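Each protein sequence line maps, in turn, to chains D and V. Anchor point for the first sequence: position 41 equals 41 in the working numbering, and the numbering is continuous, going up by one each time. Whatever position you read off the second sequence (first residue = 1), add 1000 for the working numbering.
What the hints contain is simulated information worked out from the structure, not anything from laboratory work. If you're wondering where the values come from, they're calculated on a predicted model, not measured in any experiment. Backbone N, C-alpha and C define an ideal beta-carbon position, used for all residues, glycine too. Treat the hints with care, since some could be wrong.
To be verified - Below are the DSBU-like pairs computed for lysine-lysine, each with C-alpha atoms no more than 35 Å apart in a straight line:
1. K125(D) to K1190(V)
2. K1233(V) to K1261(V)
3. K108(D) to K1182(V)
4. K108(D) to K1050(V)
5. K1203(V) to K125(D)
6. K1241(V) to K108(D)
7. K1050(V) to K125(D)
8. K108(D) to K1233(V)
Stated by the list, open to error - Short derived list, chain D residues pointing at chain V, Cβ under 7 Å:
9. C33
10. V43
11. V47
12. T110
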Amino acid sequence: MPAALPTTLAPGAEVRVGTASVRRLADGTVEGCDAHGCSRVRVPPSVEARVLPAPASRRLLRVDYVYVEFEEPIHASPGDLIWFHAPLELEVTLGGVPALRLSTSRVKYTLVGDIVDGVICRYHKSPVYLGDPPPRMEGLALAAVEVDGDPGILPGAGVGLAVSTLYRGEDGSIYYSLQRLEIEGGTATLRSTRRPPRRGLVEVRRPPRRRPALHQALQPLILRLVEAG
Amino acid sequence: MPVSNILAGLRVVDVLSAVAILVVGVIFAYIVRLLMRRSVAARLPPGTYKPLENLVFYSIVATAIVLALYPLGLNLSSLVVAGGLASLAVGLAAQNSLGNLISGVFLLIEQPLRVGDPVAIGDVSGVVVNISLLSTTIRTWDGTLVRIPNNTVFGGEIVNFYRTRARRVEFTIGIHYASSIKTAVDAIMKLMEEHPYCLVNPKPEVFVEEYADSSVNLRVRCWAPPQVWFSTKVELQTRLKETLEAAGVEIPYPQLDLHIKSAEEPVRVKLEGGGSPA
């Protein structure tokens, strides 16, 4: 049974999500491991340790976007809602202070755009679904883009991490906030919203963090489309 | 108007006004700097914020100085005339400093480098730790601080290793002629695909670069974010040997085939410290 996040770790307890695990030893020490290593923080047992879902923006490198390549390109029309799986991270807070960041899947990066003006994004490959949300996959979040503008063939989509919010479903699935994708003249521009991608989701409250730099928050992600025909 | 005439006609009120304008201007500059530090500094990268702060601060101070001259009956054009030969002498003496100052202003405006950027300026290579109006300070890779006049920085060749989104990691590895090229290429590609910093796009690549004397040389290329370029290169090169060994690919020593044309006469071998040849 996958862990329901957020959760509190009592001494002796362990949480496993995807490739990440967080363990609290009897003396209060917190140990977190993922595919890229393990870290330990010594902390008294009286201090509360919480494990929260977090956007996939901090493990190894700090990035503002996830780029998800679809297993097959998809034809997108205005008004379509396209669903896919996106990577997720876990944040371990000790007494409300962020202490560890772990990835629930293997970390990989890609460049979207060219060498000079492009954006380094967290990379993930996922099946793509049209209309209804796909089934939950262990260690991954769900994301949706709402298509606007012209029809086009999309090889992938993105999730803006700097301004997006996480939501939790009744079954424990974690969702990124809805993304809007405007297709125009062979390029698609991604913008994040703070709206949930479906009804009945509850916002995951996270400890306050530094606001993203203005230029990061306002910078849209420009995706190149697969040329039709 | 001669300077002596101006000084003779000065009233205490004018002098006080000039000092007041100057003091208010400087205080205003400090207040603006404080407000910027509280509201803007957190929203901008340090490399962008610091030059902006310097530019705003010194612009306000310079404006205050110019405004403070008016109650004294001076303006910039009269100052230039009044300065006469003295200005010329000072100007010549301060030519280098003025050059550095102007280059510093251009560096702050154009920003070919920012604080924290790894750069190479001429023979000096390292991380930028400060850009002031007169000089730029670089911390070299071995930890020493080098102060370079802004004239030299602006007029010279600046290589900025951060002003690109990705940087290519590249090296050559030789495999034995008896080993399979395909096996080696597949093993190296897998290593790069599993490495988090080897970007998916631009794609990594491995190809035969040269059929050399002792080995088939493969060129290995992948792109990495500039801030982890060096660690990616070091890690790939370190893991490459064990990856190839695990795949059964041999990395050869330099070798030389010796062909003996005639086998009729015995080959004479001299032993070190031994007696007569065998």
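Hint by hint, which ones does the structure fall short of?
Violated hints (numbers, rising): 2, 7, 9, 10, 11; every other hint is consistent with the structure.
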